[in-house]
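2 protein chains.
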Amino acid sequence: MGKGRFILPAEAGMEKELLYLAEKWRADAIRDCDGIKLSDDILNMSFDVYSTLCIIREDNEWAKKNQDKLQMIYLITEPVTAIDEIISIEIMKGYFKEQFKPNTKDNPKEWWEVIDRTTGEIIDSSHWDYNECTEVVTIKNIKKWHSYTVTFIAWQIWEPVSMYNHIINSWTLEHKMPLDPRYPEVRQHLLSVLDKWLAEHPVTKVVGFRTFFYNFDLIYNENGKEKQIDWFGYASCVSTFAIRIFEEEYGYRPRPEDFIDNGYFNTPFKNPSKFHLDWIEFNERFVASFAKECVKLVHNRNKKAIMFLGDHFAGTEPYGKYFTQIGLDAVVGSGGDGVTTRMIADIPVEATEIRFYPYLSSDVFHEREDLAAEVTKVWIKSRRAILRKPIDRMGYGGSLSLALKSPEFINCIQSIANEFRSIHENTKGTKADSASFKVAILNTWGRLRRWQTHQIAHSLWNQRCYSYLGILEALTGLEFDIEFISFDDIKNLGISQDIKVIINAGDAYTSWSGGDYWKDERVVTTIREWVYNGGGFIGVGDPTACEHYGAFFQLYDVLGVQKEIGFGLSRNKLKYNIIKNHFIIEDADKEIDFGEGMNCIYVASKDVHVLYENNMSASLAVNDYGNGRAVYIAGMPFNYNNVRLLKRAIYWAAHKEEEIQYNFSSNINVECASFSNIGKIVVINNSGENEKARIYMNREIYFDVELKPYEMAWKSIT
Amino acid sequence: MGKGRFILPAEAGMEKELLYLAEKWRADAIRDCDGIKLSDDILNMSFDVYSTLCIIREDNEWAKKNQDKLQMIYLITEPVTAIDEIISIEIMKGYFKEQFKPNTKDNPKEWWEVIDRTTGEIIDSSHWDYNECTEVVTIKNIKKWHSYTVTFIAWQIWEPVSMYNHIINSWTLEHKMPLDPRYPEVRQHLLSVLDKWLAEHPVTKVVGFRTFFYNFDLIYNENGKEKQIDWFGYASCVSTFAIRIFEEEYGYRPRPEDFIDNGYFNTPFKNPSKFHLDWIEFNERFVASFAKECVKLVHNRNKKAIMFLGDHFAGTEPYGKYFTQIGLDAVVGSGGDGVTTRMIADIPVEATEIRFYPYLSSDVFHEREDLAAEVTKVWIKSRRAILRKPIDRMGYGGSLSLALKSPEFINCIQSIANEFRSIHENTKGTKADSASFKVAILNTWGRLRRWQTHQIAHSLWNQRCYSYLGILEALTGLEFDIEFISFDDIKNLGISQDIKVIINAGDAYTSWSGGDYWKDERVVTTIREWVYNGGGFIGVGDPTACEHYGAFFQLYDVLGVQKEIGFGLSRNKLKYNIIKNHFIIEDADKEIDFGEGMNCIYVASKDVHVLYENNMSASLAVNDYGNGRAVYIAGMPFNYNNVRLLKRAIYWAAHKEEEIQYNFSSNINVECASFSNIGKIVVINNSGENEKARIYMNREIYFDVELKPYEMAWKSIT
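Taken in sequence, the protein lines are chains A and B. Heads up: the first sequence runs through residues 46 to 763, numbered per my numbering. Heads up: the second sequence runs through residues 46 to 763, numbered per my numbering.
Don't read these hints as lab results, they were simulated from the structure. Among the hints, erroneous ones may be present.
Heads up, the list lumps identical chains together, so a pair's fine if it works in one copy or across two of them.
As the list claims (entries may be wrong) - Pairs of lysine to aspartate or glutamate residues, derived as EDC-like cross-links and limited to a Cα-Cα distance of at most 20 Å, are as follows:
(1) K564 <-> E592
(2) K564 <-> D306
(3) K185 <-> E566
(4) K618 <-> E271
(5) K154 <-> E135
(6) K651 <-> E464
With the sequences and hints as input, model every part of the structure.
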């Protein structure tokens, strides 16, 4: 077994333990952690040293003296129903006063908005007043029984990531404040801070920016608990200063409501407004240009510059068009499954590194009893993804001392690290064989939000079953090269020749399904023509959904199914028989888990074949459309039955059924990936049981295999 | 046991059997059936004779000679996706050629519409042509991959009710054609037909109009099977002639699309367009005025005139403002449950009569094995309703000879008829005691569509679980006086003083929930104010639902709950505890059947109490709003557990908990109704088991009772 590709979090005063674990896990690098400074004893050991830095909170003394240069954010009160002709709204109710402070330096009458949410009207600013002592907005001459909100701009007085760590770890340190580099004097100061920091860290080989300037949206409630989180949010980039620059550059001034967006804060679940797209671009450009300056300083010192995908990464969109300009040497990110692993692995950067969940913090160790099982679960899902797209390095985050509490955990990591390295040793930088065609995920965001499902995974309800997530997770470990394409791509560029299957999945009206884009004739006609001429289309959940001119699924003709939303109940539906034999269900159980599933899906044509139904509603249907094919699936939570179903659906839709046996396992819990360039095939057991499988390659039975729980085995291809 | 209140369907050549059944069921009247003429032997017996007549199909010879006076209908083809620059659409594809014939007498270029359903554009009539021989519309210069429809006006060449009977009973008679009384010459002819018919039916005491002129929408497919049905549709009222009159009266000319409505045909599930409301009114006025003439002729002969609520009743809206002008003596309608029973019972007319399902036709007797159980099931639901609002007479429809096949069925009807009469004998025309307040059902249609749920009951999917139907069925037998109010009532009249509870129930965007009406500030503010000042609001399913300014349930503040539709997933939801003790669930099981249920219902305020949840989504919640109260229920299929839940929810919402024990049974399967005016109380067992119950009156234990399956027992109140 080799050594390296593994980074250890270091901890002051734990030199002995560090050495023990480094030996055990064969680490070649160490990293200091947020809030922890490495001792000289550790720094003098023979590891590559990574040091992390978040420059916008690095010099708190300067920030305290320059509080007019702190970051800002637009916040909105909960709507208040007026039961009287005057209402008073405590604007900070529901918000954490240690995190935010209303900004009155910029005139509230200019920068705030009071809105009647019953009619959408903006209340004239002469009708309301703000009392700075009580933090109350009083609105006069209002309409009784309407509901009102106050949108206000606030200072961010506690940088949210240090706040999070502070609260979790019960720190008593001074609160750090986030500086806003939009101001030239802040940028100048931060560069000098960085330069000084570099000078003071001679041992550091790699500077880990954690990350750059603006955190994703992380808003706490009055009790200091998470209220709102959006990993892809740009709420923290705002300031009255930035708005003025934006106005100059784009020729219009955004309203406070443009940021607040009816309280939805421009969530990635929604199709973005024109403004929001402009705002993303505006901030991407700025962040990339200043980040580039920072990276340059690092390179000047002959150190490497990497960034952590998370924390203050707003504006660094790794799949955006400005990202590569930053000039980073590597990106590191957290991974909890295949999707997050692939999100990191696919970033166009020289090297990628994953920090696997679970995070070694006291709350995790308290709550989870079977940590080794948790670690294994994450690894098994990530391993599938890594075999398709390797990650260069791995590690775990958090505190070393906590890891030391569990010998089982230490052994478990040891075997994962070895397995991780063995992948590199075997593949030698080559890529697993992939199918002869590409599969595209079609949504509103396209490439920009490649593999980005954090929001879905986080959500209370969607964690269990959201099909968009399930499909992406399944795809991470399959042999298809994946493109993420947007509706604008379809409109402007058409569909690339190498794409043979398009998947559209998600809830109606979300950005994942597409909502109003399905009213666009160019979208609809381009896809119809493409499928008719031989393309494959897979719709999951509410694909192509948008009530418009009498249709809900706009591509009902392609899919062969339609959804009844209540207006067509007077019409009888076509009858159908369930077809029990079909290529795509050859490995399927009697029951398929369609997750949240669907109701009231009926056949739109006599020629469609329904394979599964539930409550008289079609759950799985296949349709021929000209020379093309379509598959409808009611829902697709992640499990290995569904991975197989999706794999088969893709080959069938692509008219490439015979190709499935180029890389095929007879057992759904076992997967294989061949590496023709190096003459090897890897077989993995994704289950916790012993599994037998017959492996097919090049449409022939290749060998039979028996694997221990979670085993990964490499064989030579003769 | 008394006699009477029961009508028998007679059948030619079955005098002996008729007498046997008349004795058994103690009938006092006989009725001829559609397609059957009574023999003189029967007519001379001592029954009141009812004869049915559908004048628009009575004189087929005249119709054949005047085929330019037949009824018309607008039809739409299925959308056809253009895979070429010219497309040809067979307009009759999917329609029954024996029922409809394209009308080319009126210029297709003027009266038809070809529409691009991808863009909604009307195709200029110079771009398409109709070939009368092939019945094909050819469209040129079209946009490839758009979908196209042809809307055409057709003659109705087979009257749909006789067509239905014809097909069901495999008749070989000549097809009858429906005349359109919009033409003055048709009206004149029909009056002479009626007068002649009356002269030829001297024995007939009651003329049953079956019904007047225009059938509800009943459209058959190419195989002569039902394709589309809408009991409350006005599609059959159309003609080019009627459109011209409409244009004169209303000052605008409706487009073909106004009738076609994107293929939804102005279903009652949708909020109606301005045109559709005008169209209903236009036809109501006309139908009432000519029906009045017909009724007058009947009265002139000293006969009674009744109408069958069904078949050609379009335009007679029994809860419309023109209905009473017709001057009918009675209305008869089919009843299959409490809701249909109440729909008939509440009609403002001197007498009402119910024809219970199942209908005695060969298809019914073939399909149903346990007919007595079926008959009992219908009766038990209707009985609850009749005890709240009596129906004067009863009967069964169809063919006598079929009834004779089942002695069990004959005995079952006997006991139902006796029980039906005993209700009248006991109550002597008095009304059961009702609660001290009214309950209102709020939807788009209000009073016009009182108890009208046929569409819901018919639908494939909603038959099982649609909550709007479940609630109404529950209410039919409860002690509350019910008003059906519309959003326009709320806007124009406010909320009547005697209403204490408003119920809003249904799927989002349907007319039952209200859709866009919830954007209307007057609706929202009126209800908020009313609840705040002490009103009760019960929302079921998607109440007050319409995505608007950041809220989905517009009355989230009143209900205390909100629904997540995908845009607010970045926000954490408030936590809550399940409250296990509450007045409204005192009789509830551990599991409540919420039917189709809901997902992603979260609490909108800390003060709301969640009583039940499912998949982390609140299924039952109660909220105080000022002096008022609200209840949210995720769904409510009909069963006696839910009847009790609704009863309790209403008393709680009304702040009248103590009043529940004015008429209360300790057993949910047993209900009681007191009749104070006559000093009686009736106790009914709705279950097929022996049941014990403790009965409360005036908040005291009144007596204990033990009932046999389905028993009804009357007791004196001392």
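Consistency of the hints with the structure:
{"no.": "1", "hint": "K564 <-> E592", "result": "both (9 Å within a copy, 19 Å between copies)"}
{"no.": "2", "hint": "K564 <-> D306", "result": "between (22 Å within a copy, 18 Å between copies)"}
{"no.": "3", "hint": "K185 <-> E566", "result": "between (47 Å within a copy, 19 Å between copies)"}
{"no.": "4", "hint": "K618 <-> E271", "result": "between (47 Å within a copy, 10 Å between copies)"}
{"no.": "5", "hint": "K154 <-> E135", "result": "within (17 Å within a copy, 64 Å between copies)"}
{"no.": "6", "hint": "K651 <-> E464", "result": "neither (51 Å within a copy, 49 Å between copies)"}
In terms of the numbered hints stated before, the structure departs from hint 6 and from no other.
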